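Chains as they are written, first to last, in the working numbering: chain A, 1 to 191; chain B, 192 to 750.
Hints are supplied without guarantee of correctness; some may be wrong.
Claimed, not checked - To give an idea of the interface, some chain A residues facing chain B are shown, with a C-beta separation under 7 Å as derived from the structure:
{"id": "1", "residue": "F45"}
{"id": "2", "residue": "E125"}
{"id": "3", "residue": "L128"}
{"id": "4", "residue": "I146"}
{"id": "5", "residue": "D171"}
{"id": "6", "residue": "G180"}
{"id": "7", "residue": "Y182"}
Stated by the list, open to error - Have a look at the derived ranges for each label pair, beta carbon to beta carbon:
{"id": "8", "chain 1": "A", "residue 1": "G94", "chain 2": "B", "residue 2": "E529", "range": "45 to 53 Å"}
{"id": "9", "chain 1": "A", "residue 1": "I44", "chain 2": "B", "residue 2": "E529", "range": "41 to 49 Å"}
{"id": "10", "chain 1": "A", "residue 1": "E136", "chain 2": "B", "residue 2": "K664", "range": "29 to 37 Å"}
{"id": "11", "chain 1": "B", "residue 1": "E241", "chain 2": "A", "residue 2": "G94", "range": "25 to 33 Å"}
{"id": "12", "chain 1": "B", "residue 1": "K624", "chain 2": "A", "residue 2": "Q172", "range": "40 to 48 Å"}
{"id": "13", "chain 1": "A", "residue 1": "Y175", "chain 2": "B", "residue 2": "K664", "range": "22 to 30 Å"}
{"id": "14", "chain 1": "A", "residue 1": "I44", "chain 2": "B", "residue 2": "R194", "range": "42 to 50 Å"}
{"id": "15", "chain 1": "A", "residue 1": "E136", "chain 2": "B", "residue 2": "E308", "range": "23 to 31 Å"}
{"id": "16", "chain 1": "B", "residue 1": "E241", "chain 2": "A", "residue 2": "I44", "range": "25 to 33 Å"}
{"id": "17", "chain 1": "B", "residue 1": "K664", "chain 2": "A", "residue 2": "I126", "range": "48 to 56 Å"}
{"id": "18", "chain 1": "B", "residue 1": "P356", "chain 2": "A", "residue 2": "E154", "range": "47 to 55 Å"}
{"id": "19", "chain 1": "A", "residue 1": "I44", "chain 2": "B", "residue 2": "K624", "range": "38 to 46 Å"}
{"id": "20", "chain 1": "A", "residue 1": "K188", "chain 2": "B", "residue 2": "E308", "range": "36 to 44 Å"}
Read the hints as simulated data drawn from the structure, not as lab findings.
Small disclaimer: the values here were computed from a predicted structure and weren't measured.
For every residue, glycine included, the Cβ atom is placed at its ideal position computed from N, Cα and C.
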Amino acid sequence: MDSRREFLAGAVSGLSSAWLYLHWPSVLAAQAHARRAAQSGLAIFEFFSKEQAAEVEAVAAQIIPSNDTPGAREAGVVHFIDRALTSFDRDKQGTYAQGVAALQTKVRDQFPGHDRFADLAAQQEIQLLTAIENTEFFELVRLHTIMGFLAKPEYGGNDNHVGWKLIGFADQMRYEPPFGYYDREFQKGGK
Amino acid sequence: MVRFADKAQVDFVVIGGGGAGPIVAKELSMAGLQVVILEQGPYLHEGDFEHDELKFKDIFDPPGIGREVLTRDHALQPDTFRKTEKEKAVVVPFIEYGRCIGGGTVHFTGNYWRFHEIDFHERSKWGELPGTGLADWPITYAELEPYYTKAEWELGISGQAGANPFDPPRSKSYPLPPMPIKSSGVLLERGARRLGWHPYPAPLAILSRPYKGRAACAHCGFCEYFGCEWGAKSSTLAAVIPAAEKTGRCEIRPNSYVRKISTDMRGRVDGVIYFDHAKQEHFQKAKAAVVCCNGAETPRLLLMSKSNLFAQGLANSSGLVGKFFMVDLGSTCQGIFEHPLNDYKGVRATRIVQDFYDSDTKRGFFGGGGIDARFNFYPISFALYGLPPGTPRWGTEFKHALIENFNRSMTLYGHTTCLPIESNSISLDPEVKDAWGLPALRITYKCHPDDLSTMKFFAERSMELLDAAGAIKKWAAPVEDATSAGHLMGTCRMGNNPKSSVVNKNHRAHDIPNLFIVDGSSFVTSGRNQPTCTIQALAYRAADHIVSTAKSGSITSSI
Numbered sequence: 001m002d003s004r005r006e007f008l009a010g011a012v013s014g015l016s017s018a019w020l021y022l023h024w025p026s027v028l029a030a031q032a033h034a035r036r037a038a039q040s041g042l043a044i045f046e047f048f049s050k051e052q053a054a055e056v057e058a059v060a061a062q063i064i065p066s067n068d069t070p071g072a073r074e075a076g077v078v079h080f081i082d083r084a085l086t087s088f089d090r091d092k093q094g095t096y097a098q099g100v101a102a103l104q105t106k107v108r109d110q111f112p113g114h115d116r117f118a119d120l121a122a123q124q125e126i127q128l129l130t131a132i133e134n135t136e137f138f139e140l141v142r143l144h145t146i147m148g149f150l151a152k153p154e155y156g157g158n159d160n161h162v163g164w165k166l167i168g169f170a171d172q173m174r175y176e177p178p179f180g181y182y183d184r185e186f187q188k189g190g191k
Numbered sequence: 192m193v194r195f196a197d198k199a200q201v202d203f204v205v206i207g208g209g210g211a212g213p214i215v216a217k218e219l220s221m222a223g224l225q226v227v228i229l230e231q232g233p234y235l236h237e238g239d240f241e242h243d244e245l246k247f248k249d250i251f252d253p254p255g256i257g258r259e260v261l262t263r264d265h266a267l268q269p270d271t272f273r274k275t276e277k278e279k280a281v282v283v284p285f286i287e288y289g290r291c292i293g294g295g296t297v298h299f300t301g302n303y304w305r306f307h308e309i310d311f312h313e314r315s316k317w318g319e320l321p322g323t324g325l326a327d328w329p330i331t332y333a334e335l336e337p338y339y340t341k342a343e344w345e346l347g348i349s350g351q352a353g354a355n356p357f358d359p360p361r362s363k364s365y366p367l368p369p370m371p372i373k374s375s376g377v378l379l380e381r382g383a384r385r386l387g388w389h390p391y392p393a394p395l396a397i398l399s400r401p402y403k404g405r406a407a408c409a410h411c412g413f414c415e416y417f418g419c420e421w422g423a424k425s426s427t428l429a430a431v432i433p434a435a436e437k438t439g440r441c442e443i444r445p446n447s448y449v450r451k452i453s454t455d456m457r458g459r460v461d462g463v464i465y466f467d468h469a470k471q472e473h474f475q476k477a478k479a480a481v482v483c484c485n486g487a488e489t490p491r492l493l494l495m496s497k498s499n500l501f502a503q504g505l506a507n508s509s510g511l512v513g514k515f516f517m518v519d520l521g522s523t524c525q526g527i528f529e530h531p532l533n534d535y536k537g538v539r540a541t542r543i544v545q546d547f548y549d550s551d552t553k554r555g556f557f558g559g560g561g562i563d564a565r566f567n568f569y570p571i572s573f574a575l576y577g578l579p580p581g582t583p584r585w586g587t588e589f590k591h592a593l594i595e596n597f598n599r600s601m602t603l604y605g606h607t608t609c610l611p612i613e614s615n616s617i618s619l620d621p622e623v624k625d626a627w628g629l630p631a632l633r634i635t636y637k638c639h640p641d642d643l644s645t646m647k648f649f650a651e652r653s654m655e656l657l658d659a660a661g662a663i664k665k666w667a668a669p670v671e672d673a674t675s676a677g678h679l680m681g682t683c684r685m686g687n688n689p690k691s692s693v694v695n696k697n698h699r700a701h702d703i704p705n706l707f708i709v710d711g712s713s714f715v716t717s718g719r720n721q722p723t724c725t726i727q728a729l730a731y732r733a734a735d736h737i738v739s740t741a742k743s744g745s746i747t748s749s750i
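Same shape as in the complex, but just chain A (with noise of 0.2 Å):
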């Protein structure tokens, strides 16, 4: 109903997840593999270069960043995304090369002696990402980095749940009331 998607309005992308249906066994397995990569120690992307995923970690550590509590750099966002690139969302390697090549130039405009966004201040990365919150490319890696940062840890992000963690989500098969305060008080009696 109508009010109600209104309300859930966003600019999402498309993912075909048809697609995403059909291969699902090989893309677990994927992410499995680039998991273990990234645990050891091992920086393996299939479609980034390290300077592209240098890149993107940091506009991804902007969107959710680290501070007294981890971020999207600590979740392994950007290998979510890479693996996202090799696999379901194959369709948007554009969007990613694209627009880090665009990021790039105007680091350069922007901030002479500069070559990459990486490298500036975070004052100066928020800078220059507000003068591109509109675009399709910071929309993707936005709507990457919150899928990255909170869907299974199996698709490559959300390392040792720390999304979940920060939000004060588990994953189980099973919970026994009472669930939360309200309804502890109510049982107690005290309504």
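Keeping the supplied structure of chain A fixed, place chain B upon it in accordance with the hints.
Just chain B now, kept in the frame of chain A:
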């Protein structure tokens, strides 16, 4: 499991394996009749379902319908939409429905509201409503009551009889006690009582205790939009299909997409033409057909089945096939509370309030509804859509808002009337085709002003309720005309007069004696946007009539 030979004639072909078809098929096969269910979607099982928001939740599509594992893929089955008949319809995803064995009952919330007595005779009580086709049903609540009870006991419904003072009379209590209350339920209950309203435990098609060999709900939380990995959700997949298959007379044939119901020289159904998974055409011979595709696909199939004898489409001498299309309307409000609700655990909704169910002339418009309190956002969808308006979309404050709000949030859904209007319709798009070369669903839909007023009224009541419950922040979605639909009702309405309805009170097409239509399309009015319980009660009732008709020998007339 029975597998009928390719050329074999069965007694009944049931088209559509969703909320209604398996019930009819099970009852017919238990009565000794041979039945095949043709379902366009796959036959998935508990082992195919997962706790995986990326795979199952509706974030894959362009803004935002379609969970394509369990529902249709709009890339393969496009819709076209227009607000009025004067406009040219444009391609846009509009209709969503379950597309697998079990249909929408696989991924639904499980809300299981009976209609009230008033829902069957609103026209008599409130009079004519200009601009609408408001009409009484040809049956009463009392006639359907035994079948509501049958549905609740056959499928396994959890609830508390007598807890809702507005409940219609019932002959028997629920077979299972209500699900344990969640924090969102406690907050609804608290707010509603402060306002003098009457909250009560949500009746749900989810097992609170083991039932008929099925496991009880484990409160894992992956409920709406997901298939139940425990078989605890009382979908037709879990609760009906196994018994149907066990008869040895009911074949479930998935990935079978019917494109035409065939009729003989005398205008009787003699079988159906369908595509298999490889798009190969087959002809299934049958003595009779039961169409259970849903309120959008049923009229589409009837219109696609036109022939020299039935130039307007099948069962359409009234010209009303596809007309009076009704959709799920309502309101959505969200609140943030001081303490953690942890509402991601457990079923979606545990408390409901129906104090504003019937129309009331004092409000100045026709319509009513009910409100449930629910968990509404899994982690990814919460980050994308669930944060308070005005929250920065990225950066430190965005992250902070995720941490602060995920577990302290709940949503109130108002479920409201959708008035029947003849020009709101399902028809065949003259140009756009689906991946099988069949005409796309064309939707013509515009809300009645009273429907918009009802939605606004329920948004206001929900905001009051959030206040009374102690929300520290609250907001309401804007009320607007529908741009999508999930509960598909009213396109082959039932009635006694063949000139003003498509099926009779027993779901038999007025025009064709061996054609039955049993799903949301039979609805004359929408109730309050929670149709599954009534669709299934109607299916049990229709099955009784179809069985007795078959036994009397009056169906096999096409041989």
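Consistency of the hints with the structure:
{"no.": "1", "hint": "F45", "result": "violated (20 Å)"}
{"no.": "2", "hint": "E125", "result": "violated (10 Å)"}
{"no.": "3", "hint": "L128", "result": "violated (13 Å)"}
{"no.": "4", "hint": "I146", "result": "holds (5 Å)"}
{"no.": "5", "hint": "D171", "result": "holds (5 Å)"}
{"no.": "6", "hint": "G180", "result": "holds (4 Å)"}
{"no.": "7", "hint": "Y182", "result": "holds (4 Å)"}
{"no.": "8", "hint": "A:G94 <-> B:E529: 45 to 53 Å", "result": "holds (47 Å)"}
{"no.": "9", "hint": "A:I44 <-> B:E529: 41 to 49 Å", "result": "holds (45 Å)"}
{"no.": "10", "hint": "A:E136 <-> B:K664: 29 to 37 Å", "result": "holds (32 Å)"}
{"no.": "11", "hint": "B:E241 <-> A:G94: 25 to 33 Å", "result": "holds (31 Å)"}
{"no.": "12", "hint": "B:K624 <-> A:Q172: 40 to 48 Å", "result": "holds (45 Å)"}
{"no.": "13", "hint": "A:Y175 <-> B:K664: 22 to 30 Å", "result": "holds (26 Å)"}
{"no.": "14", "hint": "A:I44 <-> B:R194: 42 to 50 Å", "result": "holds (48 Å)"}
{"no.": "15", "hint": "A:E136 <-> B:E308: 23 to 31 Å", "result": "violated (54 Å)"}
{"no.": "16", "hint": "B:E241 <-> A:I44: 25 to 33 Å", "result": "holds (26 Å)"}
{"no.": "17", "hint": "B:K664 <-> A:I126: 48 to 56 Å", "result": "violated (26 Å)"}
{"no.": "18", "hint": "B:P356 <-> A:E154: 47 to 55 Å", "result": "holds (48 Å)"}
{"no.": "19", "hint": "A:I44 <-> B:K624: 38 to 46 Å", "result": "holds (44 Å)"}
{"no.": "20", "hint": "A:K188 <-> B:E308: 36 to 44 Å", "result": "holds (39 Å)"}
Checked against the numbered hints given earlier, this structure breaks hints 1, 2, 3, 15, 17; the rest are met.
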